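Q: Those protein sequence lines, which keep their order, are chains A and B.
Heads up, the first sequence is in the working numbering, so the first residue is 1 and it goes up one at a time.
Heads up, the second sequence is in the working numbering, so the first residue is 492 and it goes up one at a time.
Do not take every clue at face value.
Think about it this way: if two alpha-carbon atoms lie no more than 20 Å apart in a straight line, the pair counts; the simulated PhoX-like pairs of lysine-lysine are [as the list claims (entries may be wrong)]:
1) Lys175(A) x Lys902(B)
2) Lys982(B) x Lys406(A)
3) Lys406(A) x Lys897(B)
4) Lys175(A) x Lys490(A)
Quick caveat, the hints were computed from the structure, so don't treat them as lab data.
The structure displayed is predicted, hence computed values, not measured ones.
Protein chains: 2
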Amino acid sequence: MNSPTCSLQWLPFLFLIFSISVTATLYNIPRLSPVGPTILQYPEAVSASVNVSDDFQTFYYNQTSNHFNYRPESYSTFQQRYMVNSKYWGGANSSAPILAYFGAEASLDDDLAFIGFLTDNAVQIEHRYYGKSIPFRSREEALRNASTLGYFNSAQAIADYAEIIIHVKEKLDAKYSPVIVIGGSHGGMLASWFRLKYPHVAIGAFASSAPILYFDDITPQDGYFFIVTKDFREASESCYQTIKKSWSEIDEVASKPDGLSILSKKFKTCNPLSTSFELKDYLETIYASSAQYNHPPHYPVNIVCGGIDGAPSGSDMLSKIFGSVVAYKGNRSCYVNGPRNISETTVGWRWQRCSEMVIPIGIGNDSMFPSNPFLLSSFIERCKSLYGVPPRPHWVTTYYGGHDIKLILHKFASNIIFSNGLKDPYSSGGVLENISHSVVAVLTVNGSHCLDLHPAKQSDPEWLVMQGNVEVKIIKGWITKYYTDLLAFKK
Amino acid sequence: MNSPTCSLQWLPFLFLIFSISVTATLYNIPRLSPVGPTILQYPEAVSASVNVSDDFQTFYYNQTSNHFNYRPESYSTFQQRYMVNSKYWGGANSSAPILAYFGAEASLDDDLAFIGFLTDNAVQIEHRYYGKSIPFRSREEALRNASTLGYFNSAQAIADYAEIIIHVKEKLDAKYSPVIVIGGSHGGMLASWFRLKYPHVAIGAFASSAPILYFDDITPQDGYFFIVTKDFREASESCYQTIKKSWSEIDEVASKPDGLSILSKKFKTCNPLSTSFELKDYLETIYASSAQYNHPPHYPVNIVCGGIDGAPSGSDMLSKIFGSVVAYKGNRSCYVNGPRNISETTVGWRWQRCSEMVIPIGIGNDSMFPSNPFLLSSFIERCKSLYGVPPRPHWVTTYYGGHDIKLILHKFASNIIFSNGLKDPYSSGGVLENISHSVVAVLTVNGSHCLDLHPAKQSDPEWLVMQGNVEVKIIKGWITKYYTDLLAFKK
């Protein structure tokens with residue numbers, strides 16, 4: 001392989017790094033519902049991806065449990081999992097780049113099934129408290145209460161990433177290899193924050209669908225559901241109108257003497273409904289998920305609206321709504337309140353939201369949903385009753401910033417891509433304009449949540465392919481510039 | 492007052508901010524000796540300064556004890572002291588600048604006696620675990636063991652500063668007032684690190700004599716004493732030679748049957764010497780302190796050498812050395828091992844050095860001192876025996892960086908002044924070259940430790956006045972640029 005300063009041979013492969021599935025970064029719709037949305041599955045995405053790569057080696061790093069406290073128990077450590085694929089790496093001699101993918105609120109195993117070819121030196125690091133990277137002796141112990149959950153926060157997590165990246169570079173004797181950190185959704189927030197806090201560890205960050213501005217009052221709290229609504233209305237006015245009117249219809253039926261059993265029958269619920277909220281919550285989750293993950297080629301919003309608009313003529317409103325459920329979920333023996341699999345993501349993210357990730361998403365009047373404002377005081381009470389400790393709603397902006405980001409970072413920081421698809425409801429809390437020459441926003445009008453991290457597919461629309469090309473070009477620019485600086489520095 | 496964007500009326504006063512005495516930032520010579528050096532006092536400095544300003548109001552902020560852990564006890568808070576002088580401040584309407592001085596390893600009270608006029612909105616914040624800002628119920632409780640000392644570290648301290656600055660700006664309704672953080676020595680390290688970690692809270696940092704590169708292997712461990720030696724040799728070759736030869740002379744006398752009592756008599760010790768180390772340690776501390784604080788107009792190194800070179804002709808070597816002690820300490824009834832006042836700075840800084848501030852200062856062969864290399868393994872053992880927990884010698888470079896700082900920060904960060912006087916032994920671990928257009932080094936060939944933070948005096952040499960002017964001009968440039976950006980941002 002040629003010297004990286006005059007060769008970009010690694011580049012043609014780089015795009016494949018984006019093939020990592022985003023399942024590790026599925027971002028539960030941040031409501032107080034303890035269970036996240038059921039996500040539409042794309043069987044094609046799985047079958048299109050290759051099998052788990054044998055090129056990945058698994059390692060465990062003896063990680064510091066508590067980076068910010070020197071109490072004796074802080075010296076306890078835990079085994080943190082990371083994986084390295086060095087097969088295509090140019091090596092330390094050429095200071096070839098290292099791409100580090102940040103796990104977020106899920107096990108790395110969930111990613112693995114989707115991993116394609118990873119080139120250069122690709123490192124994947126699992127987030128503490130997920131998968132096989134559990135402080136304390138067991139997951140049960142780690143998640144027991146606020147005391148054992150105490151080390152479960154973003155500052156600790158990105159310090160973990162710093163330690164592991166430094167360790168990997170030392171192991172590879174790759175002191176001057178530039179590191180690019182990559183993440184999507186919550187992992188994207190971590191990646192961009194990492195670049196801000198650890199510029200000496202990563203020369204750049206690619207943050208896909210990272211709503212770093214959805215804290216405090218920076219983003220209007222109704223941003224998320226405003227976009228969900230917009231997505232549906234743009235897909236079909238009649239679909240939007242039907243959904244918008246359905247909530248009062250549901251309430252009206254529910255208020256009848258045997259209303260809940262009528263609804264239970266109509267929606268083929270697995271168990272009799274105990275409240276109409278159960279049904280409405282289920283529907284809301286379907287609509288929000290389909291908007292958030294409104295990916296080609298199927299475009300779930302179109303699928304949902306197809307169920308409504310394609311109902312047999314003469315169908316009543318609730319039949320149409322049920323049609324949308326069947327369209328989204330497929331033919332099942334029952335719906336709504338079947339057995340639920342409470343994942344570690346659900347459990348872990350609930351704590352994260354109740355501690356520092358206080359993303360104030362509410363529903364305003366200007367949506368197809370019943371108004372449901374986010375009330376911080378209620379949220380605080382709910383979290384206190386769950387964990388015994390209150391959340392710290394201003395900590396993220398204190399530690400990472402976010403207010404007036406353009407003013408602040410215009411003359412500070414460099415090399416961050418904030419990519420967003422504007423159909424993604426979370427894009428409302430994303431960085432949507434360039435902050436400086438190298439802290440840039442990459443937007444797609446039709447993109448959805450973390451779409452640019454998905455496996456490339458034959459069916460990918462032209463705009464998606466172009467988005468990937470733009471992102472690769474920007475990262476390539478950072479690395480080229482770094483090599484120039486490195487040569488000058490070493491002189 | 493005119494609009495700050497077109498008037499710099501605040502500026503003529505700015506220089507006075509540098510009048511804050513550096514007593515709060517005295518940086519013990521970082522040896523393992525539990526007691527820091529006795530520092531030469533400058534009575535003039537005290538008498539030249541005004542009395543404690545009545546314009547400062549004292550406040551207490553309900554500070555979070557542990558910013559990085561959500562364990563229930565983390566929600567305990569402590570009262571952190573800060574002081575505000577708003578008298579000369581231009582006010583929130585004009586977004587007048589706010590200058591924040593970071594306390595370091597001492598009580599703010601130690602500063603107060605030296606504070607002159609503070610202009611604009613000057614805020615002084617006391618470092619946790621010092622002065623009146625003690626977590627837990629009492630100082631005794633807080634310093635009891637590694638468990639209660641656990642929250643005593645720089646990441647927690649600068650998070651404190653962030654919370655208080657945000658709080659003060661909210662109280663003053665001064666959202667867009669630019670904040671400049673200022674500190675000297677350890678406080679200077681905190682100021683520069685603060686700018687890197689909290690760019691959204693401070694638009695710039697002025698770090699005087701901050702040896703941020705004296706960690707890991709970035710700076711050669713013999714840098715400090717190499718400069719002490721150089722300072723003495725430049726002051727007087729004969730003085731340097733006398734000191735250099737004195738150590739073996741002391742050892743030789745000490746090895747005689749009644750050698751220690753001879754030495755005790757010769758040096759008028761307060762108590763009989765129990766080892767020659769006691770004497771040598773005392774002398775080393777005098778030499779190091781006089782080099783570190785080699786301030787005009789007295790230049791302690793000249794004073795010490797005056798004691799040696801000015802000894803009556805025919806004086807033997809040890810009489811000359813004793814002459815240097817008397818010259819530095821003044822006429823006292825006894826010397827060397829009198830009663831010691833172990834200050835909170837001594838106690839606190841010992842913990843800080845034994846936890847994260849692992850500054851590896853050793854003595855190499857190329858000095859006027861006996862060789863005494865810094866052995867990390869011995870240091871670790873010593874700290875473990877003191878506190879039961881080992882230090883983390885690589886944590887500072889992991890969290891804040893430092894390796895290849897020019898390469899890393901050349902395209903990242905902005906608005907930091909690293910000022911150093913090259914006679915200051917700690918300048919060996921300072922940033923001595925410009926990193927970028929706005930991350931700059933301000934050097935004085937004849938300057939000493941934190942000299943530019945001292946009260947301005949009539950006797951100040953021209954180069955010192957010029958240094959202050961340069962620093963003011965740079966900070967003025969940041970603020971002017973900020974106002975321009977702010978206008979554009981608000982449009």
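Q: None of the hints should be skipped; say for each whether it holds.
A: Going down the list of hints, with the structure as the test:
1. Among the hinted pairs, Lys175(A) with Lys902(B) is consistent with the structure: their alpha-carbon atoms are about 18 Å apart, no more than 20 Å.
2. Of the pairs offered as hints, the one joining Lys982(B) and Lys406(A) holds, with about 13 Å between alpha carbons and a cut-off of 20 Å not exceeded.
3. For the hint pairing Lys406(A) with Lys897(B), the CA-to-CA distance comes to about 25 Å; that exceeds 20 Å, so the pair is violated.
4. Restraint check for Lys175(A) and Lys490(A): satisfied, since their Cα atoms lie roughly 12 Å apart, inside the 20 Å limit.
Going through the hint list in order, the structure does not satisfy hint 3, though it satisfies all others.
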